[in-house]
Structure formats: structure tokens, C-alpha cells
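A.B. asks: Okay, here's what each chain looks like letter by letter:
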Amino acid sequence: MKVLVPVKRVLDYNLKVRVKADGTGVDLSNLKMSMNPFDEIAVEEAVRMKEGGGGHPAGTATEVVAISIGPEQAQETIRTALAMGADRGILVKAEGEVEPLAVAKLLKAIVDAEQPGLVILGKQAIDDDSNQVGQMLAALLDWPQATFASKIVVAGGKINVTREIDGGLQTLSLETPAIVTTDLRLNEPRYASLPNIMKAKKKPIDAKTPADLGVDVAPRLTVVKVADPPKRQGGAKVKTVQDLVAGLKAAGVI
Amino acid sequence: MAYDAETRAQLIAGVRRFVEERLRPIEAEVAEADAVPEWALKEMAALGLYGLSIPQEFGGLGLTMEEECLVGFELGRCSPAFRSAFGTNVGIGSQGLVMFGTDEQKAKYLPGIASGAIVTSFALTEPEAGSDSAAVRTQALRDGDVYVLNGAKRYITNANRAGLFTVMARTDPDVKGGAGVSAFLVPRELKGVSVGKPEKKMGQQGAHICDVHFDDVRVPAENRLGEEGEGFKVAMRVLDRGRLHIASVCCGVAERLIEDCVKYAGERKQFGQALASFQMIQAMLADSRTEAYAARSMVLDAAKRRDAGENVTMHASCAKLYASEMVGRVADRAVQIFGGAGYTADHGVERLYRDVRIFRIYEGTSEIQRLVIAREMMRGGSI
Ligand SMILES: Cc1cc2nc3c(=O)[nH]c(=O)nc-3n(C[C@H](O)[C@H](O)[C@H](O)COP(=O)(O)OP(=O)(O)OC[C@H]3O[C@@H](n4cnc5c(N)ncnc54)[C@H](O)[C@@H]3O)c2cc1C
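The listed protein sequences correspond, in order, to chains A and B.
In terms of our numbering, the first sequence opens at residue 1 and continues consecutively.
In terms of our numbering, the second sequence opens at residue 1 and continues consecutively.
Hints are computed from structural coordinates only; laboratory data are not their basis.
Quick reminder that beta carbons are idealized off the backbone N, C-alpha and C, glycines included.
Check each hint, because a few of them may be wrong.
Computed, partial: chain A to chain B, Cβ under 10 Å [stated by the list, open to error]:
id, residue
1, 75
2, 192
3, 194
4, 195
5, 201
Build the full structure now, drawing on both the sequences and the hints.
C.D. replies: Right, here's the structure in full:
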């Protein structure tokens with residue numbers, strides 16, 4: 001089974017986001033960019049399916065292809081996936097913001113060409129937190145989907161996915177081909193070893209454009225405003241539950 | 001082989017991330033226990049850190065000196081005790097073999113050294129031969145196909161974990177000084193090799209040094225590294241490289257301390273203002289930054305020269321002397337900027353202050369570096 005893993009280049013999760021002065025977005029200039037952490041989990045799962053590990057026998061995945069949509073530098077994100085163990089990469093070069101629907105359409109075009117048995121995506125990207133691409137891709141392909149996976153078991157041509165939901169665990173059984181999105185507890189991604197980082201350079205990356213794939217990526221959404229969260233006001237300590245209830249009532253929250 | 005810029009950037013980023021996420025969080029615990037936990041040793045090996053300087057054909061990364069120093073800058077950002085765990089494999093414990101080994105010797109040992117399966121030690125110092133390292137008394141007398149080794153080595157890093165020692169021993173008792181010394185690869189399992197208990201040290205808890213004794217150890221003649229009488233040359237060539245590596249680590253520790261200082265000085269308030277707003281604090285930060293930058297520049301320059309094939313004995317000594325003294329001053333200022341919090345154990349500043357003290361002593365004391373620099377100058381060789 002071939003597995004596709006889309007990986008997004010986002011602001012490094014350790015960095016604090018700064019909103020641009022004009023409120024049109026966040027300032028990314030000269031900041032460290034890394035692979036979206038949920039996508040790292042997706043790559044890890046796919047590589048385990050290939051190499052064996054995390055409950056998957058080796059060979060569960062026959063090939064792992066990492067795809068990134070973004071500027072030229074998104075190639076570095078693909079290299080990270082290759083260093084973790086993906087076999088090859090596809091870079092769809094697109095400058096500026098590419099909205100979830102456009103991403104899903106681009107991915108559909110790649111899926112049509114590559115015919116994978118499974119696409120594993122991060123449940124969301126930590127920059128815009130849209131949480132849409134996996135679902136939209138499933139809809140465009142009309143494939144079964146299981147989002148927020150905390151466990152994936154491939155057995156008898158089916159993909160059984162455990163999801164963490166309110167009040168417990170839900171397990172879905174999907175026919176292949178299928179779409180799965182990862183949650184935080186699915187696995188702990190590896191650190192690519194230094195020799196594998198060196199070897200990643202030799203693995204192929206195909207470059208494509210949205211035009212090659214016949215997709216119009218023009219934005220459909222307008223960002224009205226991006227603002228910092230309101231500054232926290234200092235809190236207050238209360239001595240008794242009665243004081244707390246009285247305080248909450250006074251604040252009009254209960 | 002030199003790697004391209006993108007690969008190099010990914011390599012550095014990979015090391016930095018590992019250091020930040022896996023090693024830094026357990027610094028205090030390692031110091032307290034005087035041991036690096038087994039899982040961390042395994043992860044360092046899995047990452048490939050033992051093989052940084054081992055040629056690719058033997059399973060290492062084959063980094064150039066410049067690349068090794070760039071990695072050293074990153075490794076310095078956590079307790080130097082971690083680096084010590086694989087440091088001998090990267091530097092003094094392996095480089096004699098890399099530079100002077102025969103094909104058979106390399107094929108036998110280098111793959112295990114690169115993977116971390118074999119930990120190596122470099123055994124030069126003796127009770128009576130410290131700075132005057134050419135005065136080694138350990139003897140290796142030829143007896144047919146073997147050399148019989150007798151003597152004692154002192155302060156040998158990683159001796160308690162080592163599977164292979166590079167030992168400097170006198171093969172010709174009639175020749176005083178370096179010319180009578182040869183280098184040997186001595187596997188730990190040979191009969192008559194024994195290792196003492198780890199010494200109690202001032203800093204770098206988790207990294208260990210021990211005495212090593214050789215008692216009629218019969219070392220096969222094929223384990224000699226280089227020719228008879230070349231041992232001191234082997235040691236000095238190894239130290240050229242080792243000194244640059246140490247200097248790069250000094251820069252890394254200094255840069256980390258400076259970052260910690262900037263952060264603390266920005267947060268801590270006295271007299272209604274952040275410490276960072278006081279000019280006397282700013283002066284300390286600026287001096288530290290300037291000196292760290294100078295040291296980094298020296299290290300990179302010397303490393304590039306070495307990669308270009310120049311003799312860098314003097315440059316390596318200059319870099320090691322300056323960087324090790326520099327990090328001492330930076331650590332001292334860091335304690336001062338942190339005040340009481342710098343003297344107590346919570347922020348790790350006092351720990352690093354103790355940790356960096358050794359950099360002025362091993363792989364040649366600061367005084368010995370000055371002697372080397374002056375000697376090279378007087379030779380009129382390099383400027
Ligand atoms: C933590 C640690 C790890 C070590 N690891 C290793 C290792 O792995 N392998 C190994 O072989 N050795 C190792 N050593 C030994 C180390 O290299 C020596 O301690 C160092 O070279 C100094 O030698 P010494 O201790 O005998 O000091 P001495 O040589 O006795 O020096 C004492 C003082 O006298 C000064 N001095 C000596 N000669 C002169 C001179 N001619 N002019 C001016 N001043 C002089 C020195 O600079 C120093 O200040 C290690 C030591 C330590 C503490």
C-alpha cells in the first residue's frame with residue numbers, strides 16, 4: 001500500500017507568534033520554520049508502517065511519499081520527512097496563502113495521479129488551525145475518513161482507527177483507500193538521525209505548480225483582521241466558595 | 001566530504017533540536033546522579049553523534065573540521081557532560097586511528113566507534129607526565145609478535161566505559177622525550193588492563209575519568225598505530241583536532257549562557273526596572289557577546305584552514321586558549337548577572353561555571369597553549 005503524507009511548513013512551534021502591525025496576518029519574516037507537528041506524527045506513522053513498528057508489521061506501507069504545498073523553502077520540510085524515512089517528495093510550488101480548499105484540490109490531483117491506499121494528514125496545522133484539509137480531501141475523493149486518530153491498525157484490507165472523543169474511544173473501520181488525520185497521541189515522532197539527514201539529500205523531490213495540476217488556488221476568503229488575544233487581567237484570590245460564587249455573579253458569568 | 005549548505009543547515013537544526021528537547025531538560029538530574037541515563041546514551045548513539053568525525057565508508061558522517069565545529073557550537077548548548085559521553089569517539093579516542101591507522105585497523109574498529117558500540121579513550125597523561133606529556137613512562141617492550149605494556153595512566157576520560165584505548169607508551173627506554181614513544185590500540189579485554197574508580201571532580205558530573213593500569217599486557221604488534229617512535233606525533237596531531245573541537249564547545253556554552261543572561265536580565269526587576277536597563281549589566285552582556293563572537297570567528301577560521309590542508313597547530317592552540325578562557329569569563333559574568341540566583345543551583349548557572357573550568361586544563365593547559373603558540377611563532381612558520 002502506498003501512503004501519501006502531506007506536510008506543511010509552519011512557524012516553529014517553540015516561537016511566539018507576533019501579529020503584524022497592520023493586522024493583516026502574523027509576521028513570519030526571518031523566523032524559524034519547521035514541519036507542522038501533527039504532520040510529523042503523520043510521517044512517523046507512515047514510516048512505521050513501512051519499516052515496522054508501532055504495531056505495524058514492516059511492509060504495511062510499500063512506499064511513503066511526502067507532499068508539501070508552499071514556497072520553494074517548503075522543500076526543506078519535505079527533506080525533513082525524507083530524513084525521517086519517507087521515500088520521495090512532491091513539492092507544489094505556491095507563493096502566499098493557499099486556503100484549505102485549494103490545498104485539498106491540489107492533493108486530490110496528486111492522489112488521482114499517485115493512487116495511494118492511504119493518505120495520512122495532520123488533523124490541523126498549528127498556524128491557522130483550520131482543521132479542514134483532511135475532511136475536504138475525503139469529500140472531494142469520496143473516500144472514507146477517520147479524523148483525530150490516536151491509533152491505527154491495518155488488518156485484512158481494512159484500516160481500523162481509534163479516535164479520542166468526548167467520554168471515551170471510538171473505533172472506526174475504513175475500507176481502503178482512505179483518509180486519516182492524526183491526533184497528538186498517535187505516536188512520538190523520531191528525531192531523524194544525522195546519517196539519514198545526509199542521505200535525504202539523495203532522495204528525489206518532484207516539483208509541480210498548481211497550473212500543472214489544473215487547480216486555481218486564488219483565495220476565496222478574505223481575512224478581515226488578525227489581532228493579539230486580549231491581554232490577561234490580573235486575577236484575584238478568594239477565601240471561600242461563597243466568595244467565589246458571589247464574585248462570579250457580580251461579574252455576570254453565572 | 002563537505003556537505004551542501006541545505007544539508008548542513010538540516011544537520012545543525014537536527015542537533016540543536018535534540019539538544020534542546022532531549023538533553024537540556026535532564027541536565028540537573030544528570031549532575032545529581034553523576035550519570036547520563038542509559039536511554040539518553042542510546043538516543044545519542046541513534047542520532048549518530050558517536051560517528052561525527054568517522055569517515056563515511058566506516059559508517060560515520062565524515063564531517064569536515066568546520067562542520068564538526070558547527071555541531072560543537074550546538075552541543076555546547078547543554079551540559080558538557082553529555083558531549084563527553086561521545087566526545088572521545090569523535091575526537092581524541094578515534095582520530096589517531098582515522099589519521100594513522102592501517103586499512104585493517106580501521107575496518108576492525110571504526111564501524112563500532114561510529115555507531116557507539118565501542119567507546120574509546122585516549123590515554124596519554126600519567127602521574128608523572130601531565131603537561132610534560134613527552135615524559136611518559138608507561139613502557140611497551142617488544143617481545144616477538146607482541147609488545148608488553150606496563151605502566152599507569154591518569155585522568156582518562158571515559159575509561160570506565162571504554163572498549164578501546166589509544167595508549168602512548170615508550171617503546172625505546174633509551175630515548176628520552178617524544179621520540180621514544182609509540183601509540184597502541186589496546187582493547188579493554190586484554191589480560192592485565194584494569195580501570196580504577198571514577199575520580200570525584202569539580203564539575204561535569206556524569207562524565208568520568210579514571211586511572212588505567214597496564215600490567216604485563218600483551219598487545220599484538222599489529223595494534224601499533226603508526227611507526228615505532230611516532231606516538232608523540234600521533235598524539236599531537238590528534239590534539240590539533242581535539243583542541244578545535246573543545247574550542248567550539250566552549251563557544252556553544254558561552255552562547256547559551258549569554259542567552260540565559262539576556263533572558264534573566266530582561267525579566268528580573270530591581271529598583272523598578274529590568275536588570276537589562278542598567279548600563280553596568282549591559283556592559284557585562286556586551287563584553288560576553290563580543291568575546292564569544294571573537295572566539296567563534298577564530299574557531300571557524302582555524303577549522304577552515306585545517307580543512308584546506310594548512311598546518312593549524314598554532315591556530316588550534318590560539319582558538320583553544322582564547323575560547324576556554326573566554327567561556328570562563330562569560331560564566332563568571334553570568335553568575336554575577338544572576339546574583340544570588342547565579343550562586344544557588346536552581347538556574348544551572350553555577351553548574352556551568354564549574355563545568356567550564358576544565359576547558360582551561362585538559363587537552364593542554366592554557367600555559368601549554370601559550371608555549372605552543374610561541375614555539376610556532378618562533379619557528380617562523382605561521383603568522
Ligand atoms: C576532566 C579531565 C579529563 C581528562 N581527560 C584526559 C584524557 O582523556 N586523556 C589524557 O591523556 N589526559 C586527560 N586528562 C589529563 C589532562 O590533559 C592533564 O590534567 C593536563 O594536561 C595537565 O596536566 P597535569 O594535570 O599533570 O598538570 P601539570 O602538568 O602538573 O600542571 C600544573 C600547572 O603547571 C603549569 N605548567 C606545567 N608546565 C608548565 C610550563 N612548562 N610552563 C608554564 N606552566 C606550566 C600548568 O599549566 C598547570 O597550570 C584529563 C584531565 C581532567 C581533569
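A.B. asks: Quick check: which numbered hints come out false for this structure?
C.D. replies: No hint contradicted; all consistent.
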